[in-house]
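J.: Given next are the chains, with one letter for each unit.
There are 2 protein chains.
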Amino acid sequence: MARMEQAIKDMVDMFLEYANGDGKLNKDELKNMIQKEVQNPELKAKLGAVDFDKAMERMDKNRDGEIDFKEFLKCMSCMAKCYYHKKTGKGKECEEK
Amino acid sequence: MARMEQAIKDMVDMFLEYANGDGKLNKDELKNMIQKEVQNPELKAKLGAVDFDKAMERMDKNRDGEIDFKEFLKCMSCMAKCYYHKKTGKGKECEEK
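Protein chains in written order, with my numbering: chain V, 22 to 118; chain G, 22 to 118.
Bound conformation, chain V alone (with noise of 0.2 Å):
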């Protein structure tokens, strides 16, 4: 499968599994998925390091206290833009709190 498919695909398929069937993450559901879907241990040492109270607080637009698929595009995002900024120089430097 082509990588935007591909991709599309991953993004709503893994929150779908870790949501478990109420379309939210809940704050052990956010860490087991991180646990599972992240391997790189340079990015797993820094994720494992996050405080998930605050990370579920920044996540959690509309404080429901879970995450809905739209937060967690959200939180995609902002993944993304760190890689970017890490890989090319360019865009918002990650914050590390």
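Hints listed in this document are in silico derivations from the structure and should not be mistaken for laboratory results. Each hint should be verified, as a subset may be incorrect.
If several chains are the same, the list does not tell them apart, and a pair holds so long as it fits within one copy or across any two.
[Said to hold, decoys possible] Calculated cross-link-like contacts (lysine-lysine; reagent style BS3-like; alpha-carbon spacing at most 27 Å):
| # | residue 1 | residue 2 |
| --- | --- | --- |
| 1 | Lys108 | Lys48 |
| 2 | Lys67 | Lys45 |
| 3 | Lys48 | Lys111 |
| 4 | Lys111 | Lys57 |
| 5 | Lys82 | Lys67 |
| 6 | Lys91 | Lys111 |
| 7 | Lys45 | Lys107 |
| 8 | Lys108 | Lys45 |
| 9 | Lys45 | Lys111 |
| 10 | Lys52 | Lys111 |
| 11 | Lys108 | Lys65 |
| 12 | Lys30 | Lys65 |
| 13 | Lys111 | Lys95 |
| 14 | Lys95 | Lys108 |
Given the coordinates of chain V, work out where chain G should sit on it, guided by the hints.
T.: Chain G in isolation, oriented as in the chain V frame:
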């Protein structure tokens, strides 16, 4: 590579490849990307019928005539929401126009 990393890597690599070094996609580069990176017949037919001038207008938020990485990610998120809606019936339906 795990799906989350692969999706992020593919979105960045695709953009950089088709943006040809200047960090922006012009209309021809966008068309070339979609022709090469979308193989699904149904999606290809849909996107093939798209008025690229209109699509550029909608994607080009800062009105500089080209698509930067941030605008490209918004487009990817929009397509992911369409696929999510198609798969679950939830979320926003795609605007076909």
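J.: A separate judgement is required for each hint: does it hold in the structure or not?
T.: Cross-check of the supplied hints:
Taking the shortest alpha-carbon separations for Lys108 and Lys48, only the inter-copy value of 24 Å comes in at or below 27 Å, while the best intra-copy value is 30 Å. In this homomeric assembly, Lys67 and Lys45 come within 27 Å of each other (Cα to Cα) only inside a single copy, at 24 Å, whereas the closest approach across copies is 29 Å. Taking the shortest Cα distances, Lys48 and Lys111 sit within 27 Å of each other only across copies (21 Å), while inside one copy they are farther apart (31 Å). In the homo-oligomer, the alpha carbons of Lys111 and Lys57 lie at most 27 Å apart only across protomers (25 Å), although the nearest pairing inside one protomer, at 29 Å, exceeds that limit.
For the identical chains of this complex, Lys82 and Lys67 are intra-copy neighbours only, at 23 Å inside a copy versus 32 Å across copies, given an alpha-carbon limit of 27 Å. Taking CA atoms no more than 27 Å apart as the test, Lys91 paired with Lys111 passes in both settings, with 25 Å inside one copy and 11 Å between copies. Proximity of Lys45 to Lys107 under the C-alpha cut-off of 27 Å is restricted to the inter-copy arrangement: shortest distance 17 Å between copies versus 30 Å within a copy. In this homomeric assembly, Lys108 and Lys45 come within 27 Å of each other (Cα to Cα) only across copies, at 15 Å, whereas the closest approach inside a single copy is 31 Å.
In this assembly of identical chains, the alpha carbons of Lys45 and Lys111 lie at most 27 Å apart only when taken from different copies (12 Å versus 32 Å within one copy). In this assembly of identical chains, the alpha carbons of Lys52 and Lys111 lie at most 27 Å apart only when taken from different copies (24 Å versus 29 Å within one copy). Proximity of Lys108 to Lys65 under the C-alpha cut-off of 27 Å is restricted to the intra-copy arrangement: shortest distance 18 Å within a copy versus 30 Å between copies. Taking the closest pair of Cα atoms, Lys30 and Lys65 come within 27 Å of each other both inside a single copy (23 Å) and across two copies (15 Å).
In this assembly of identical chains, the alpha carbons of Lys111 and Lys95 lie at most 27 Å apart whether taken from the same copy (19 Å) or from different copies (17 Å). When the C-alpha separation of Lys95 and Lys108 is checked against a cutoff of 27 Å, the pair qualifies both within a copy, at 20 Å, and between copies, at 20 Å.
When held up to the earlier numbered hints, the structure conflicts with none and fits them all.
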